[in-house]
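2 protein chains.
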Amino acid sequence: MEHHTDTSHLDRAIRQQRTTTATVTVRHNGSPFAGQEIIVAQRRHQFLFGSNWGESTIALANGELIGYEKELAERRNANFLQLFNQATLPFYWGRFEPQRGKPDTRRILNAARWYQAQGCVTKGHPLCWHTLTVDWLLSLTNREILQAQIERIQREVSDFAGVIEMWDVVNEAVIMPIFDRYDNGLTRICQELGRIELIRTMFETARAVNPKATLLLNDFDVSPAYDILVEGCLEAGIPIDVIGIQSHMHQGYWGVEKTQYVLEQFTRFNKPIHFTENTIVSGHLMPPEIVDLNDYQVSGWPSTLEGEERQAREVVLHFKTLMAHPLVEAITWWDLSDGGWLNAPAGLLRKDHTPKPAYEELLKLIKGEWWLAPTKLTTDANGRFSFTGFLGEYELSTGDQHVTFSVTEKGESLVSVSL
Amino acid sequence: MEHHTDTSHLDRAIRQQRTTTATVTVRHNGSPFAGQEIIVAQRRHQFLFGSNWGESTIALANGELIGYEKELAERRNANFLQLFNQATLPFYWGRFEPQRGKPDTRRILNAARWYQAQGCVTKGHPLCWHTLTVDWLLSLTNREILQAQIERIQREVSDFAGVIEMWDVVNEAVIMPIFDRYDNGLTRICQELGRIELIRTMFETARAVNPKATLLLNDFDVSPAYDILVEGCLEAGIPIDVIGIQSHMHQGYWGVEKTQYVLEQFTRFNKPIHFTENTIVSGHLMPPEIVDLNDYQVSGWPSTLEGEERQAREVVLHFKTLMAHPLVEAITWWDLSDGGWLNAPAGLLRKDHTPKPAYEELLKLIKGEWWLAPTKLTTDANGRFSFTGFLGEYELSTGDQHVTFSVTEKGESLVSVSL
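Here the protein sequences come in this chain order: S and B.
Counted from 1, the first sequence has number 176 at position 176 by the numbering used here; the numbering is strictly sequential.
Counted from 1, the second sequence has number 285 at position 285 by the numbering used here; the numbering is strictly sequential.
Please note: incorrect hints may appear among the correct ones.
Computed from the model, here is a short list of chain S residues facing chain B with C-beta under 8 Å [unchecked claim]:
{"hint": "1", "residue": "GLY194"}
{"hint": "2", "residue": "ARG195"}
{"hint": "3", "residue": "SER223"}
{"hint": "4", "residue": "LEU229"}
{"hint": "5", "residue": "GLU231"}
It should be emphasised that the hints constitute simulated quantities derived from the structure, not laboratory data.
Glycine included, C-beta positions come from ideal geometry on N, C-alpha and C.
Based on the provided sequences and hints, a complete structural model is requested.
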């Protein structure tokens, strides 16, 4: 990794794929609002920049924290909201419903509503996965397991409708039927049904309950197995809205070339792509011989000064590489703060939720280089003004009047607003 | 590898999957042929034991050899026919039709007819592959390449109908669209169509020309990518008759466990499985770091005494492992004699076509332990006799009368024959 990688080709592609030159016609009481000074400012990105939930945020949203714990959680939230507009919320079945019939709906719903109230897009993760599933499936027949899984999807998609409208429906289907670390109900039914039939059943179940939900297939496998599986599912008519790709890079940043190669394998489907679980550590790398990342159990995994600088460079490259690809619509960081999954120094924030260089660099991009700060302009004789900005939501202000509008198509946009 | 591996569990499975106890009722002029001495002898196996063509056999079948070359070819053929009942014939497009419109139909047809006349099942390999394809595709548009590929399938399947009724229709589709060693027409159209749509087109084309042909998908990839591709194709309704699995073990014998694991991944489709290209060398192993076997270019790769003994043990284990699985219906060795592909000592015969221990051991199985030599029996008062044998074709003789019959169902069979 070069310290100063030339990203000008990525920067150009990002502007081409993500920005629009908007011509806005402003009217006031039916007439052109001509020759007036206005202020235009970006309010949100159309692109989803996000992270997974914090346990502390869930606790805070449920009024469970006080004192220093509460302050810490609020610091995390402030940093989250400064940078992000998307949150992935936990639906691991084994934690969500350890006792059959007693799902943890209320707590997660409170957290999801909090994120929604802050203007974030929320996603539930996952509805169907062989890992962290419920033990009580093991005493059921395959037919009963399938029925329980279907009903679990129906319940969650229904209970959270209007708050969570985006779901990782099936997680890690490539390995699901050959997962051999321990017996579990999902591997059993995936072996019996096959991957495609299992995926079809879960997607059709979710779709039937919430026809307008955005439904993802999600996997960490980026070998041909995954794009062949996606192809098989799409050929079979399964209503997959978004291809989800994990990139837990605990063993080292992929680099631009590999990332672009992975993207290339999914480009032919012409479907939106979400990079759903992105990890780059700011400490030592996990040894390359580890196959299942969960096998790497360490008591301490410190973030280092040198590691934080490397992480910052790599995070910038990673985000730019993804933003430059026209089909990518979301990047979700995993985890926002150190000490989450695998106790890895994977955060953009440290354990005390103070920003690392990677956070600062991302902020410079997401709310700096890729953002329109409040800008004074004057409308022309026809009440028009123009600006170039990233797709998303903008606010136009003049005096004490405010109006918001969105630009959603790259290239050129025509917008009309009335004050 | 233990020298004396206990194969009794495999041997039991083979008898269970491959043999039948046949009760044969013999009639003569409409009456039971009672209390008579008869001889029953196996004539062929239902299971396909085969090898790929020999260049010398093709030359011999076309009258191109004389002298020592001819004697050598005849020795190879004698050894081939003593052991095998299936031959795979070469249809590499780049060699078959290097000049557009001038296919090598006659020579291959003569060779196929020769194998057919010797009682062998013939298979054409392959109809669609990115390697060894024709260079003249490179100057065509993708649409023209696709049309040329379709017409090539229509021509071959039609020209060889009645002689070749079994085809490797698409070869190595997992890697086809991402093959990056050199530009070629098939990678181009596979990238555009996707794997499943390409496979569908080729299978439907072959099926339309010869509705009763046996059509294989064939691959060396035994990662989940391949079984997921098969699943996608079957879900998409593509008429695949047989799943073809290559096992070029130049880098070492897989062993029983891996072979059974690979088989297990394809068992759920309940389709016949052919092990289409089997290689175990009797010399040093190719280094493990070689990814594309074609990269291993050596001038000499000798067969050794020690290697031949190891090969013999491994070949026996390999054949027994495959014969023990109920869905496997064919095993094709690659190549029969040393000095073929990659100049590897992969033969069951040496370069001069003399048998190695592996050949002798296979002969003991295929025409010994798994074979019914001529056996004297006496019919009972109802003209009946019983025997247990491997599925296949048998001849009943008495005096100068001969009649053949087949047993095709494992377990128990009832057969009636009339003298």
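Evaluated hints:
The interface hint given for S/GLY194 holds, since its Cβ lies 6 Å from the closest Cβ of chain B, which is under the 8 Å cut-off. With 8 Å as the threshold, the beta carbon of S/ARG195 comes within range of chain B, its nearest partner Cβ sitting at about 6 Å, so the hint holds. Satisfaction of the interface hint for S/SER223 is found here, the shortest Cβ-Cβ separation to chain B being roughly 6 Å, below the 8 Å cut-off. Restraint check, S/LEU229 versus chain B: the minimum CB separation of about 5 Å is within 8 Å; hint holds.
Interface hint status for S/GLU231: upheld, as the beta-carbon distance to the closest one in chain B is roughly 5 Å, under 8 Å.
Figure legend: structure checked against the earlier numbered hints; every hint is met.
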